[in-house]
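Colleague: I would like the entire structure built from these sequences, with the hints used as guidance.
Residue-level listing of the chains:
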Amino acid sequence: MHRRGVGAGAIAKKKLAEAKYKERGTVLAEDQIAQMSKQLETFKTHLEEFASKHKQEIRKNSQFRVQFQEMCATIGVDPLASGKGFWSEMLGVGDFYYELGVQIIEVCLALKHRNGGLIKLDELHYRVLKGRGKFAQDVSQDDLVRAIKKLKAMGNGFGMIPVGGSYLVQSVPAELNMDHTVVLQLAEKKGYVTVSEIRDSLKWERERACHVLDHLLKEGLAWLDSQAVEEPQYWLPALFSELLSRDITPEEANQMTP
Amino acid sequence: MSFEWPWQYNFPPFFTLQPNADTRQKQLAAWCSLVLSYCRHQKLFTLDVLEAQESPVFNNKKIERKLSVEAIQVVFEELRKKGNLEWLDKNKSRCLIMWRRPEEWGKIIYQWVSKNGMVNSVFTLYELSNGDETEKEEFHGLEDWMLLRSLQALQTDGKAEIITMDDGKGVKFF
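These protein sequence lines are chains Z and W, in that order. Residues 1 to 258 (UniProt numbering) are what the first sequence spells out, left to right. Residues 1 to 174 (UniProt numbering) are what the second sequence spells out, left to right.
Hint data in this document are derived by calculation from the structure and do not stem from the laboratory. We put the CB at the ideal spot given by N, CA and C, even for glycine. One thing to keep in mind: the hints can contain errors.
Derived list of chain Z stretches under chain W, where covered just means 3 residues or more per stretch with a C-beta under 8 Å from a C-beta of chain W [stated by the list, open to error]:
1. 172 to 183
2. 195 to 201
From the structure, some residues in chain Z lie toward chain W, with a derived Cβ separation under 10 Å [stated by the list, open to error]:
3. K60
4. H113
5. G116
6. L186
7. K189
8. D214
9. E231
10. Q233
11. Y234
12. L243
13. R246
Modeller: Set out below in structure tokens:
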């Protein structure tokens, strides 16, 4: 009498069945892969169309860039996150902001001698546009802010301090804490600040106010004016409105320390 | 042509000697630059310290700031160190301002001489600084002491020889 499933024959049969199942599995996987491949091809073509259609817009139109960035944010994509891939290579988003970042660094370096490494976003915008010339692409303040955020992430010593509805862009790694920031905001209106103003507005002790002002002097961000009628005034070149449209003179360029 | 003031001129702290060393260095460099370009523009060759305090350079009436006498002295000392200033008296009350150094003037004068094919001619000092022929040149109106120094620089270079004549000095170019 035969016992079921045992014996050389049964083993061989089992092996054959297994082989057939495996083959079937492979066939199934191959099918899926073929299908996915086809889908990817279609997807890729669509992406390429999208890219070529909008690449120009991205380079030329700052309003489009804002909306594009917002769209990316809603779907959880940061087009500036990595240097490679669809966003930067095909759409050129990365290139645009990278180049802008370089330009921002150049402007800040050129003016550091005057303002100690602190500049109003308005002035930065004005000078970046000037540097790009008449026929260059439109650059908005939103673009600048994004490029600066990128620079900050790369650890270039960049930062942004909110003042008077806009920003002061910091381009040197001077240590500015909350106390310094709030005094800068106070100084924004007139371009200077005094110990009394700090005490009145912020309710600080005299010592705390002096400490902050000394730090700003030490960092080269502020200059002392001791001829003011009531008390010494601390002026910041970065906030001095007359400086806005003044170009760097050859003398200034010669004075810049390497 | 009116004088173009640098941005610092209207910045009130510019008239206070800065406590921070780095900032002060920038400030002094800017002051030296300003004094030299102002003197160049006004063709000033000497400065009196007390008078200078009232001059527009050191006294900006619009923003009601002026550089103190002590600070002016500091600026002048910087200029002296750079070779652009020489004291005329021990009390440091008057000085010569050389917004161009004698060697530089010598070069300019010699260029004019050779460009006009006047090498080997003799000139009196007066002809050079006040003659009709030099009216359009930069060195026109150059004060005697500076003219002499410039010619001396050329002499050292072998490009000129200063001659004493009956009624003053003259120079021959080679």
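Colleague: Are the hints correct? Go through all of them and say.
Modeller: Do the hints match the structure? See the list:
1. Counting residues of the stretch 172 to 183 of chain Z whose CB lies closer than 8 Å to any CB of chain W gives 0, so the stated coverage by that chain is violated, three being the minimum.
2. A stretch counts as covered by a chain when three or more of its residues have a beta carbon under 8 Å from one of that chain; for the stretch 195 to 201 of chain Z and chain W the count is 0, and the coverage is violated.
3. The interface hint given for Z/K60 is violated, since its Cβ lies 35 Å from the closest Cβ of chain W, which is over the 10 Å cut-off.
4. At its closest, the beta carbon of Z/H113 sits 7 Å from a beta carbon of chain W; the interface hint therefore holds under the 10 Å criterion.
5. About 8 Å separates the beta-carbon of Z/G116 from the nearest beta-carbon of chain W, less than 10 Å, and the hint is met.
6. A cut of 10 Å between beta carbons decides the hint on Z/L186: the least distance to chain W is about 17 Å, and the hint is violated.
7. The interface hint given for Z/K189 is broken, as the beta carbon of that residue sits about 16 Å from the closest beta carbon of chain W, more than 10 Å.
8. A cut of 10 Å between beta carbons decides the hint on Z/D214: the least distance to chain W is about 9 Å, and the hint holds.
9. For Z/E231, the shortest C-beta to C-beta distance to chain W is roughly 13 Å, which exceeds 10 Å, and the interface hint is violated.
10. The beta carbon of Z/Q233 comes within 7 Å of a beta carbon in chain W, closer than 10 Å, and the hint placing it at the interface holds.
11. Using the Cβ-Cβ criterion of 10 Å, the hint placing Z/Y234 at the interface with chain W is satisfied: the shortest such distance is roughly 8 Å.
12. Hint status for Z/L243 relative to chain W: holds, with the closest Cβ pair at about 5 Å, below 10 Å.
13. Against a cut-off of 10 Å between C-beta atoms, the interface hint on Z/R246 holds, since the closest Cβ of chain W lies about 5 Å away.
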